[in-house]
Structure formats: C-alpha cells, structure tokens
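Undergrad: For this one, chain A is given, so just place chain B on it according to the hints.
As given, the protein sequences belong to chains A and B, one line each in that order. Numbering of the first sequence is given in my numbering, commencing with residue 1 and proceeding in unit increments. Numbering of the second sequence is given in my numbering, commencing with residue 115 and proceeding in unit increments.
No lab work stands behind these hints, which were simulated from the structure alone. Warning: the hint list may mix true and false statements.
Calculated lysine-lysine pairs in the PhoX-like style (CA-CA distance at most 25 angstroms, straight line) [as the list claims (entries may be wrong)]:
no.	chain 1	residue 1	chain 2	residue 2
1	B	Lys182	B	Lys168
2	B	Lys214	A	Lys52
3	B	Lys214	B	Lys119
4	B	Lys168	B	Lys119
5	B	Lys168	B	Lys214
6	B	Lys182	B	Lys214
7	B	Lys168	A	Lys38
8	B	Lys168	B	Lys185
9	A	Lys17	A	Lys44
10	B	Lys185	A	Lys44
11	A	Lys44	B	Lys214
12	B	Lys182	B	Lys226
13	B	Lys182	B	Lys170
14	B	Lys119	A	Lys44
15	A	Lys38	A	Lys17
16	B	Lys185	B	Lys119
17	B	Lys185	B	Lys214
18	B	Lys214	A	Lys38
If the Cβ cut is set under 7 angstroms, some of the chain A residues that face chain B in the computed set are [claimed, not checked]:
no.	residue
19	Ala42
20	Thr71
21	Pro102
22	Phe105
23	Gly108
Pairwise CB distance ranges, derived in the manner of DEER restraints [claimed, not checked]:
no.	chain 1	residue 1	chain 2	residue 2	range
24	A	Arg110	B	Met143	47 to 53 angstroms
25	A	Gln14	B	Thr140	36 to 42 angstroms
26	B	Pro193	A	Glu57	37 to 43 angstroms
Ideal placement from N, C-alpha and C gives every residue a C-beta, glycine not left out.
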Amino acid sequence: DAMVIQNPRYQVTQFGKPVTLSCSQTLNHNVMYWYQQKSSQAPKLLFHYYDKDFNNEADTPDNFQSRRPNTSFCFLDIRSPGLGDAAMYLCATSNQYGGNQPQHFGDGTRLSIL
Amino acid sequence: DQQVKQNSPSLSVQEGRISILNCDYTNSMFDYFLWYKKYPAEGPTFLISISSIKDKNEDGRFTVFLNKSAKHLSLHIVPSQPGDSAVYFCAASAYTGGFKTIFGAGTRLFVKA
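For reference, chain A alone in the conformation it holds in the complex (with noise of 0.2 angstroms):
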C-alpha cells in the first residue's frame, strides 16, 4: 500500500539537544508538509514542499529547519528543542495543491523533550 510513514513514532531527547523527525512517501506526491500538534489543539503548519520550492510559515521559529533531499524524504530539524516543542509532529502529502487535493498523514512522530 502506498504511504507516508514517520519515524520514530516518539522520540525523546534532551534541552537543547538538536533532533530530526524524518518522513518517507511512496505515493510519489509532489507535495510534503509538516505540522505541529500540541494537545487538544488544531495542527499547526509549519513548513511545505513543492517538489524542492520550499515554504516557510511567517510564524514556523527559526529553531526549525526542514530537507527535502528527494521525493520520497523530507525531514524536520529542531536545532535547539525547548519544552515548548513537545508535541506531536505530523507529516503529510498531497499530489498538488489544492483544496481538492486531500492531504495524505503519516501517523506522527511525538516528540518529548526531558
């Protein structure tokens, strides 16, 4: 079955200890997002990918950094992880944009920080 798989499931690193959440795809989407997801709250985007045209939202910190190196791969680096960036980090695709382009989830990455 064609999917958006993140790994690990739940990561758990140190204060300001610098970690990546990574995101594979084998639906051969042109589009790859991050979200951020606290508790109880609406998934956050973060950043977005056409293809290697890379999208930052206005409000993603400078903290987080993302790669695309191909299609199927794209990652999230917290280069500094505060307490504040426990969450749960959700992967997604999409074939374009569009609102009639559903986005397609990876189960996400839950992310602790000690």
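TA: Positioned in the frame of chain A, the structure of chain B alone reads:
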C-alpha cells in the same frame, strides 16, 4: 487568530442516531472545506470535502453542508456506528499569497452501542 473553529470539544451519540459536527470559519477566501477523521495513535485520514460553490456533498453515510452566508459547515453521519468514534477535524483551504490549509482543533465523537 483562529480562522477555523470547532466549538464542541466532544460529542456523544447513540448508535444508529445522527451525529452532527459543526465548524465555523472567518475567512471568506476559503474555497474548499475538508473533514478528516483521526483514530488514536494514527494520523488523520481524509473523509469528505466540499467546494465553496456547493452547499451539500454526500458520500454514503457522510454528508457535509456548507452555509456560506453564516460561514458555517457541518458534517452529518447517519446512522452513527461505534466505529465512527474518533476525532474529527474540519479544515479550510485557500490561495492567499500562497496555498494554505487551516485546521480546527477537532471534535471527539463517541458513539455508544
């Protein structure tokens, strides 16, 4: 500034009855509205969508209604089944200086057998 609001954190419904989940939005530029369903420990999955030029879209037991003048949409599930118990997210999309999708905070639906 919450552009998409789901004001009911949870909803409990008896099996076989109708479930109605509501969503309000503020931005008249949204051109598509989508509903996603999320089970515990899984990512959201797409359920149904509606274009802003329509007022109703139906897919089996699921119907979405859009009232543009009220900036309100609702998802109806008839009949509700225990397997429908999940968190439902409303999302709205628009091209405003780039493509955006804004999600609501979700409504947790409990369907009691």
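Undergrad: Measure nothing beyond the straight line between the CA atoms of B:Lys182 and B:Lys226; if it is 25 angstroms or shorter, mark the hint as holding.
TA: 32 angstroms, violated
Undergrad: Is A:Lys17 within 25 angstroms of A:Lys44, Cα to Cα?
TA: Within the cut-off at roughly 23 angstroms; holds.
Undergrad: CA of B:Lys119 to CA of A:Lys44, is that 25 angstroms or under?
TA: 13 angstroms, holds
Undergrad: Starting from B:Lys168, check that the Cα of B:Lys185 is at most 25 angstroms away, please.
TA: 13 angstroms, holds
Undergrad: Holds or violated: are the alpha carbons of B:Lys214 and B:Lys119 at most 25 angstroms from each other?
TA: 16 angstroms, holds
Undergrad: For the pair supplied as a hint, A:Lys44 and B:Lys214, is the alpha-carbon distance within the 25 angstroms limit?
TA: 11 angstroms, holds
Undergrad: Does B:Lys119 lie within 25 angstroms of B:Lys185 when you go C-alpha to C-alpha?
TA: 11 angstroms, holds
Undergrad: Within 25 angstroms, alpha carbon to alpha carbon, are A:Lys38 and A:Lys17?
TA: 20 angstroms, holds
Undergrad: Within a Cα-Cα threshold of 25 angstroms, do B:Lys182 and B:Lys168 meet the stated pairing?
TA: 9 angstroms, holds
Undergrad: Range hint 36 to 42 angstroms: satisfied by the CB atoms of A:Gln14 and B:Thr140?
TA: Distance hint for A:Gln14, B:Thr140 holds at roughly 40 angstroms.
Undergrad: Sort out whether B:Lys214 lies within 25 angstroms of B:Lys185, counting only the CA atoms.
TA: Between B:Lys185 and B:Lys214 the Cα gap is close to 18 angstroms, so the pair holds against 25 angstroms.
Undergrad: If you draw a straight line from the CA of B:Lys214 to the CA of A:Lys52, is it 25 angstroms or shorter?
TA: Given that 25 angstroms is the threshold and the Cα spacing comes to 18 angstroms, the pair holds.
Hint compliance for this structure: hints 7, 12, 20, 24 are not met, and every other hint is.
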